[in-house]
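2 protein chains.
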Amino acid sequence: MKASILTIGTEICIGQIVNSNAATIGAKLTQLGISVIANSSIPDNLSQIVSEIRRLNDISDLVIITGGLGPTQDDITKTALCQYFECEMILDETVYQFIENLFKSKGREVSDRNRAQAFIPAKAIALPNYAGTAPGLLFEHNGKMLVALPGVPYEMEHIYENSLKDRIQFVLEQSNSEIELHKTIRTYGIFESNLADLIGDSDNIPNVTGLAYLPSASGVRLRLTVQSRDFDSAETKINEAVAYLESRIGKYIQSYDEKPIIDYISKLFRTNGKTIAVAESCTAGLLGGELTKLAGSSSFFLGGFMTYSNGCKSQLLGIAPDIINDYGAVSEEVATLMAKNVREIFKSDIGISITGIAGPDGGTDTKPVGTVWFGLSYGERLLSSKQIFPGNRDAIRNRAVFYALNMLNNLLKEK
Amino acid sequence: MKASILTIGTEICIGQIVNSNAATIGAKLTQLGISVIANSSIPDNLSQIVSEIRRLNDISDLVIITGGLGPTQDDITKTALCQYFECEMILDETVYQFIENLFKSKGREVSDRNRAQAFIPAKAIALPNYAGTAPGLLFEHNGKMLVALPGVPYEMEHIYENSLKDRIQFVLEQSNSEIELHKTIRTYGIFESNLADLIGDSDNIPNVTGLAYLPSASGVRLRLTVQSRDFDSAETKINEAVAYLESRIGKYIQSYDEKPIIDYISKLFRTNGKTIAVAESCTAGLLGGELTKLAGSSSFFLGGFMTYSNGCKSQLLGIAPDIINDYGAVSEEVATLMAKNVREIFKSDIGISITGIAGPDGGTDTKPVGTVWFGLSYGERLLSSKQIFPGNRDAIRNRAVFYALNMLNNLLKEK
Chain A
4 MKASILTIGT EICIGQIVNS NAATIGAKLT QLGISVIANS SIPDNLSQIV SEIRRLNDIS
64 DLVIITGGLG PTQDDITKTA LCQYFECEMI LDETVYQFIE NLFKSKGREV SDRNRAQAFI
124 PAKAIALPNY AGTAPGLLFE HNGKMLVALP GVPYEMEHIY ENSLKDRIQF VLEQSNSEIE
184 LHKTIRTYGI FESNLADLIG DSDNIPNVTG LAYLPSASGV RLRLTVQSRD FDSAETKINE
244 AVAYLESRIG KYIQSYDEKP IIDYISKLFR TNGKTIAVAE SCTAGLLGGE LTKLAGSSSF
304 FLGGFMTYSN GCKSQLLGIA PDIINDYGAV SEEVATLMAK NVREIFKSDI GISITGIAGP
364 DGGTDTKPVG TVWFGLSYGE RLLSSKQIFP GNRDAIRNRA VFYALNMLNN LLKEK
Chain B
4 MKASILTIGT EICIGQIVNS NAATIGAKLT QLGISVIANS SIPDNLSQIV SEIRRLNDIS
64 DLVIITGGLG PTQDDITKTA LCQYFECEMI LDETVYQFIE NLFKSKGREV SDRNRAQAFI
124 PAKAIALPNY AGTAPGLLFE HNGKMLVALP GVPYEMEHIY ENSLKDRIQF VLEQSNSEIE
184 LHKTIRTYGI FESNLADLIG DSDNIPNVTG LAYLPSASGV RLRLTVQSRD FDSAETKINE
244 AVAYLESRIG KYIQSYDEKP IIDYISKLFR TNGKTIAVAE SCTAGLLGGE LTKLAGSSSF
304 FLGGFMTYSN GCKSQLLGIA PDIINDYGAV SEEVATLMAK NVREIFKSDI GISITGIAGP
364 DGGTDTKPVG TVWFGLSYGE RLLSSKQIFP GNRDAIRNRA VFYALNMLNN LLKEK
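Protein chains in written order, with the working numbering: chain A, 4 to 418; chain B, 4 to 418.
Keep in mind that the hints were calculated from the coordinates and are not lab data.
Predicted model, so just to flag it, every value in this text is computed and none were measured.
Treat the hints with caution; some may be incorrect.
Note that the list lumps identical chains together, so a pair holds whenever it fits in one copy or between two copies.
Claimed, not checked - With a Cα cut of at most 20 Å, we get these calculated PhoX-like pairs of lysine-lysine:
| id | residue 1 | residue 2 |
| --- | --- | --- |
| 1 | LYS126 | LYS296 |
| 2 | LYS147 | LYS168 |
| 3 | LYS254 | LYS416 |
| 4 | LYS107 | LYS370 |
| 5 | LYS262 | LYS31 |
| 6 | LYS370 | LYS109 |
Throw the hints in and build the complete structure from the sequences for me.
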């Protein structure tokens, strides 16, 4: 079963917003085993929308459209759908009643513009939107499905989960289509090209129809793809492929899914009952922000310092100004003292520190932009590590956060 | 001049990553006055890539491709380009030398796989990539341009800014194309449909060829579009349109561009020479991370505390445990003391604090999840504010950071 995603809106083409809706829908369809073969965004232009609907409908079994269903003049998706399906707009009584009630419950006046949201293409079924005024629209025609959803992310997701997913799954099962399944393997501490050399030709990996390398600040992810007649046999195939990869790159494998590393760290902390405090210089809170991303982080994250200036490294963390002067704020000496002292101040089990040069200024020959020192204090141990990260200020700061999380993950995994 | 953007990679179609590259390029082309008419993502499939290049090249004057230039087997953009342009792959000596030197400088071995990056389609010009091994590729053919850039965001941006932008601008000027210009107006405190009622039919707005409404959590943005023969006349046209809108919705207008608020704040800080320190509870460093996002932040950001546990609110910020017990950690009393005390400790001009319930747990009837208190200490003043933010944990923490930045912006704007 082949699917296409069409996101409508000039704001996407001109880069005013990042297209997260396409990713959300892509991920949801992929979970069902459907292949997403095209992902297209076009401006709010009627003739372009109609012809893009035609093109995508021709090459796919399922087209999901988002955007352009709102109450203002630039929202023309319904008009385009009427043109494409050659039908009129009609009033949907259920939607009409819902909008009246929604506004009444919020004490707001219903304007004609809001009421117009209850008009839908005659050939469509309205999919209820409990979070807003624009219903989803489902067209089933010639054995194909076409769906239009509002562009507001939580409205879109709500309609998908409640009114669409089961229907798509049913049609998928009826069609006896092949299932396409993906599996992600996260690696860390190895470059993409070296990883590829270790793995060799992807044809040697049993069962896979695709192997992709996805480098990022948090390491290189591998994505395996298999195709099979059903979910169970696809799972078996993918497990064989994973076993083969483990034999080749086992020591670089960090985890087997899309979960961010903070998921593992949070779980390890909750299991072992340890606590942590952080001292951040160049990242100025980003590590703390990441450590507290998930609910329940108060059980292990005690707090920390953003010691951005040298003065406060001395004042708050008790690092002698002489040490900072002699070795520099970005040094092994300062990094380890930051980790050790923040741990003592917070009386935590673990202290971790980051101090570096995020740039674009401040680099020297011996300490170029991207140089970051890490310190980690735990029990009797005091670890340190120096990295020189590539990229711009944002990239360097993000890489530093992930490097620190990885150090932490390795430490926590030991016990 | 019409442009299309093609992002290559199964990871985009299946929603494994969000397509930020397309937004980056879209924004850059839009700044030049070029219309982006299509924005397409397809999987790593050779025949699909070739036919999509053909389709986009047929409808556009400029096609920008990103992704699939890496060193591994799933990177097939170069092969697709050779097929489409009917040419061989040849060794580019300059690129070859650059890769050798890059690896040597980092003390890494150059593998055959890395060297293969120096092979490029014979009909392409290599655009130097100083941040990685894959050069950009420029094809000029039949009065059209086609460019392939690496998918790593900072490599892509680097090549665009240094080797591509001027060339595109030159071709644009030579072509005497119409310029398309957009202007964003940020509004706050009014619903999309009410805004549309106030503005009325977009045909009444002088000069505009497009008016779009972009609702978001931080307000509704309006986007005006005009077309003209050059930049200056387009500017004049857009200013007339803005004046018309000011007469209709003036009191809801917040600002006139896309810049994130941290840009304004950083500039205000640098102008007035003030300094700041932060105390964060539920956001645990996210505000500090945002305040230090831009280069030069060390001139105003001194540092701060992540006081996640109640214990460290007392220990580090000197807030009496009784006050925390009596009023709760999420209270006006604690928020204002956090702001006041962090300012005293850091001897900064401004102290700002965030303390709240990010959820999903910890809410009560009187303090539901989403309740956040803010404190701001400056001179003799001690401000506070309570907000109840909707959404999940991530959304609440982000909204809290955004709200704190807004308080700060309002304060800094005063002088």
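Status of each hint after checking the structure:
1. In this homomeric assembly, LYS126 and LYS296 never come within 20 Å of each other (Cα to Cα): the closest approach is 41 Å inside a single copy and 48 Å across copies.
2. Taking the closest pair of Cα atoms, LYS147 and LYS168 come within 20 Å of each other only inside a single copy of the chain (15 Å); across copies the shortest separation is 43 Å, beyond that limit.
3. For a Cα distance limit of 20 Å, the shortest separation of LYS254 from LYS416 inside one copy, 14 Å, qualifies, whereas the shortest one across copies, 54 Å, does not.
4. For a Cα distance limit of 20 Å, the shortest separation of LYS107 from LYS370 across copies, 18 Å, qualifies, whereas the shortest one inside one copy, 59 Å, does not.
5. For the identical chains of this complex, LYS262 and LYS31 are intra-copy neighbours only, at 14 Å inside a copy versus 32 Å across copies, given an alpha-carbon limit of 20 Å.
6. For the identical chains of this complex, LYS370 and LYS109 are inter-copy neighbours only, at 14 Å across copies versus 54 Å inside a copy, given an alpha-carbon limit of 20 Å.
Of the numbered hints listed earlier, the single one contradicted by the structure is hint 1.
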